[in-house]
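Novice: Working from the sequences, and respecting the hints, build out all of it.
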Amino acid sequence: MKFSIVIYGAPYSSEAASSAYRFARAVIEQGHGIYRLFFMGDGVLNASRLSVSPQDEVNLQHSWDKLIREHKLDSVVCVSSALKRGIVDATESERYELDGVSAFESSDIAGLGQLVDASVVSDRVVSFG
Amino acid sequence: MSDSITFISRAAPYGENNSKLCMDIALAAAVFEQKINYVFLDDGVYQLLSNQSPEAIASKPVGAALEAFDLYGIENVYVDKNSLSSRNLTQQELVIKAKVADSDLIAELIQNSKSVINL
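In order, the protein sequence lines correspond to chains W and G. For the first sequence, the working numbering gives the first residue as 1, with consecutive numbering after it. For the second sequence, the working numbering gives the first residue as 1, with consecutive numbering after it.
Check each hint, because a few of them may be wrong.
Within a straight-line C-alpha distance of at most 25 Å, the following computed DSS-like cross-link-like pairs (lysine-lysine) qualify [as the list claims (entries may be wrong)]:
no., chain 1, residue 1, chain 2, residue 2
1, G, Lys35, W, Lys2
2, G, Lys20, G, Lys81
3, W, Lys2, G, Lys97
4, G, Lys81, G, Lys114
5, G, Lys20, W, Lys84
6, G, Lys35, G, Lys114
7, G, Lys81, G, Lys97
8, W, Lys84, G, Lys60
Bear in mind the hints are in silico, worked out from the structure with no lab data behind them.
Specialist: Structure below.
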């Protein structure tokens with residue numbers, strides 16, 4: 001079955017983003033496919049490459065990045081949510097003349113059309129947050 | 001199963017931005033010419049009240065965005081009957097014309113949708 005997963009929850013503030021991550025892994029382990037991950041609202045903070053966690057705690061942002069790269073997942077961060085929260089890739093950073101890049105390269109920054117497309121194409125869309 | 005997308009907006013208009021996210025996704029879906037059902041449930045019904053003045057908290061009124069539903073061709077707009085009555089609200093107080101739906105009808109909408117966005 002083809003899943004898309006929508007993440008609205010910020011990392012650490014609630015269990016939502018962590019549950020989404022574990023669900024994504026379970027989907028893959030059970031032999032299903034992930035058509036797209038879509039991060040929106042506070043969920044875009046899951047794509048931050050600038051987070052540091054204490055050594056004995058999980059770094060959820062890094063976990064997402066690793067999962068996305070390992071399984072070559074299609075991962076999209078909502079552009080309007082991201083810009084407002086300081087999540088920018090090289091393109092957006094240049095466009096708005098900012099002095100850094102905060103998003104992992106493993107995710108694309110794009111519009112809501114990608115979520116609509118995921119809703120149409122996937123067998124299941126599961127939201128967290 | 002039809003190819004429609006059902007949106008269930010169940011959060012109050014201000015204080016958190018779920019209501020705006022839900023609406024943004026619906027408007028994007030409308031631009032991509034999807035068949036849309038939009039349901040106001042639980043505290044989401046507060047979005048429909050007229051005479052709101054969110055300028056005081058530097059927010060935009062939700063009602064104006066709701067009126068855009070028409071322009072975007074979102075016609076199947078429902079409001080949950082129980083959510084209205086349990087909050088002592090009536091259809092007359094609402095800013096847009098929404099069909100009052102009972103839980104059976106909402107269950108049917110969900111059942112018949114390709115996907116459901118619940119925010």
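Novice: Please list, smallest to largest, the hint numbers that this structure does not respect.
Specialist: 3
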